[in-house]
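Based on the provided sequences and hints, a complete structural model is requested.
Protein chains in written order, with my numbering: chain A, 1 to 268; chain B, 1 to 268; chain C, 1 to 268.
Wrong hints could be hidden among the right ones.
Repeated chains share a single entry, so a pair holds when one copy, or any two copies, can fit it.
Distance condition first, Cα-Cα at most 20 Å in a straight line; then the derived DMTMM-like pairs of lysine to aspartate or glutamate [stated by the list, open to error]:
1. K46 to D32
2. K157 to E60
3. K261 to D176
4. K263 to E169
5. K251 to E228
6. K25 to D149
7. K157 to E228
These aren't lab readings, by the way, just hints derived from the structure by calculation.
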Amino acid sequence: MNVIAFLTDWGLSSYYVSVCKSVIKRINKNADIIDITHSAGHFNIKKYAALIFRACRDFEEGTVFLCVVDPTVGSPRKPIALKTSKYNYYFVGPDNGLFTLVIQEFGVEESVELADKRFFYKTDYSSTFHGRDIFAPVTAYISKGINIDHFGPKTEKLVTFEVQKPIIEGNKVICDYLYSDDFGNIETNLSSNYLEHLDLGKKVTVEINGAKNTARVVNNYAEVKKGELLLHIDSSGFYEISANQSNAAHKFNLTDDFEGKVKIYLEL
Amino acid sequence: MNVIAFLTDWGLSSYYVSVCKSVIKRINKNADIIDITHSAGHFNIKKYAALIFRACRDFEEGTVFLCVVDPTVGSPRKPIALKTSKYNYYFVGPDNGLFTLVIQEFGVEESVELADKRFFYKTDYSSTFHGRDIFAPVTAYISKGINIDHFGPKTEKLVTFEVQKPIIEGNKVICDYLYSDDFGNIETNLSSNYLEHLDLGKKVTVEINGAKNTARVVNNYAEVKKGELLLHIDSSGFYEISANQSNAAHKFNLTDDFEGKVKIYLEL
Amino acid sequence: MNVIAFLTDWGLSSYYVSVCKSVIKRINKNADIIDITHSAGHFNIKKYAALIFRACRDFEEGTVFLCVVDPTVGSPRKPIALKTSKYNYYFVGPDNGLFTLVIQEFGVEESVELADKRFFYKTDYSSTFHGRDIFAPVTAYISKGINIDHFGPKTEKLVTFEVQKPIIEGNKVICDYLYSDDFGNIETNLSSNYLEHLDLGKKVTVEINGAKNTARVVNNYAEVKKGELLLHIDSSGFYEISANQSNAAHKFNLTDDFEGKVKIYLEL
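Dropping the structure here:
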């Protein structure tokens with residue numbers, strides 16, 4: 001019995017998440033569902049793509065990920081299911097770029113368009129709630145062991161957004177701002193694999209959103225004074241900018257919808 | 001084994017929801033609990049009544065709904081359990097109008113006042129936390145198959161609030177504003193059954209809270225430009241006013257506690 | 001099979017809670033996890049200590065509490081597991097005072113430092129996410145029946161913060177403000193056991209944060225008019241200051257990070 005991991009941008013104040021769980025349970029009453037998040041803001045496909053990628057690696061092989069961030073539901077974007085080459089993960093959701101990072105990192109063993117209405121919740125399915133009507137039931141069938149090639153025709157090419165790799169120019173590293181977490185920790189796409197480890201204890205200057213602040217390269221939050229900025233490799237293997245027991249995002253005046261670059265100036 | 005669906009207005013920042021789940025598990029260790037919501041604001045019985053009605057229809061026959069929005073807990077309002085004629089749903093909670101819509105739509109096969117303290121969590125139960133002390137344990141016993149007539153005397157008449165049906169006057173439709181969801185989608189009590197389908201592609205003027213805006217009648221969010229308003233039948237069968245990838249409630253300056261009418265002027 | 005109760009200060013907008021659940025399920029696939037809360041603010045050990053104490057007493061003997069409020073993760077503070085003398089509860093988390101109240105009230109039968117890496121998620125565990133790498137897997141092993149003395153050496157003395165008992169001076173009671181819940185109910189450390197019951201119906205003056213307001217001593221919210229303040233013994237056995245269908249914390253201009261005293265002046 002595979003675990004189902006569930007992520008949406010629907011928020012928790014309405015009933016949408018619950019009825020998807022109900023639909024899953026109607027098909028697979030022993031389904032074991034773990035919520036990743038439903039409340040990291042609306043519509044931001046790149047942010048949720050990063051959350052999916054970071055979360056999924058701590059799930060077991062064979063986990064079925066039901067991921068619905070779907071601002072263009074009802075448009076011609078395809079509903080899909082895919083199986084990754086590495087880890088044998090299953091991802092079910094819209095073909096709108098949400099799975100860009102897992103596709104790039106794990107490879108696609110197989111992917112299909114969800115077309116066979118026998119696997120839908122209702123054959124007269126709604127045009128605005130594919131989560132309940134298409135994605136949840138297909139997820140439940142996968143968790144029961146149905147092979148994804150039953151759900152529809154193979155897809156040729158999946159939608160992905162362009163991922164910009166970090167750039168090193170002299171003493172400057174430029175990478176993407178991805179999102180800030182609940183603590184105000186600033187998440188980047190600068191992987192520990194990509195950059196050689198920075199010297200612990202050194203100071204760097206971090207520039208985001210026009211604001212520059214000094215941060216110290218450390219292993220732990222507690223190595224700098226309360227409120228001070230630090231740069232470290234977080235538990236997902238990416239560099240993170242944090243403030244010890246404080247909110248780093250506030251120090252750069254970042255709002256939820258900020259998009260842009262993180263520039264790190266190394267002390268030489 | 002019936003699923004338990006759980007809805008309250010308690011929020012998620014305290015421990016109240018968790019101890020109810022613990023009480024349920026102490027009685028029925030295999031209970032399968034799905035949270036509908038606990039964070040759609042406080043005390044608003046009409047809003048939660050609408051959420052319950054919209055959510056419940058995607059749950060299986062026999063589901064036990066534990067619903068506690070109970071601003072007058074400890075007053076003479078009765079604690080009740082009821083079974084609906086249609087769907088054989090069970091609802092457990094306060095007799096304060098919260099079940100108005102399910103009573104009207106599904107009918108009541110049987111309803112009882114929760115009076116037999118042998119089914120309570122504590123015989124010296126608290127006066128302010130009937131969720132933990134009365135409703136949760138009774139829910140657990142129902143999920144184990146105990147018939148509701150064991151819990152206390154039959155009730156004569158249940159409390160319901162007056163539901164105003166939508167009105168059509170010439171080219172104007174007047175219906176109730178119910179609530180806005182996490183996306184800012186505006187939910188009304190205008191059922192697709194009630195109004196004949198509007199012509200797709202037509203424009204209408206929507207007036208709420210003194211503000212008038214134009215919306216287009218469509219099937220999907222993606223049929224209007226980003227940020228523009230639309231009127232469509234949502235996945236629960238009611239007309240909804242939305243803004244594509246934007247927040248419709250903001251366009252009408254609606255606050256969480258807004259109550260009032262939605263007026264839709266049809267183009268002739 | 002013991003229930004696992006899970007509390008953190010991580011919020012729900014990121015994936016941290018989910019990967020801990022995944023790690024638990026990888027070790028104990030039948031684990032039954034109940035979330036206490038993850039969103040009562042950040043870093044406030046005293047507040048979370050109060051939430052843990054109030055929540056835990058409604059859980060069954062043998063429950064395993066995974067509690068991670070850990071502002072100094074990665075510092076020399078110890079990761080621990082303890083078993084209480086009363087109730088046979090298990091608590092897993094950082095040794096930073098978070099378990100002060102349960103230690104004082106229930107006593108410690110046994111406590112160990114989590115040192116044996118065979119029970120960790122990864123032997124090269126992260127320095128900033130002990131929740132996933134140390135506490136979650138140890139919790140899972142306890143829920144499978146592994147005795148805590150397997151995890152590492154016994155601890156000599158656990159960290160606790162100083163708890164100030166309420167003081168009665170003439171007609172004045174001085175106690176601690178602990179936190180406000182989602183409704184704005186104000187929680188104190190004034191136990192019903194500590195103070196003899198106040199006369200029902202009497203008025204008292206409550207002073208918090210420099211603001212004084214009159215409240216009536218009652219059993220139920222509904223005994224005062226809507227919006228009026230009341231003082232009552234809540235469902236956890238402590239005195240609580242509430243406003244009927246309104247927000248008491250707002251009436252004292254309390255912010256989330258307020259710390260201070262509650263003074264109650266009794267009418268003589």
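Consistency of the hints with the structure:
| no. | hint | in the structure |
| --- | --- | --- |
| 1 | K46 to D32 | neither (27 Å within a copy, 33 Å between copies) |
| 2 | K157 to E60 | neither (26 Å within a copy, 37 Å between copies) |
| 3 | K261 to D176 | within (5 Å within a copy, 45 Å between copies) |
| 4 | K263 to E169 | within (10 Å within a copy, 59 Å between copies) |
| 5 | K251 to E228 | within (10 Å within a copy, 34 Å between copies) |
| 6 | K25 to D149 | neither (22 Å within a copy, 28 Å between copies) |
| 7 | K157 to E228 | neither (46 Å within a copy, 31 Å between copies) |
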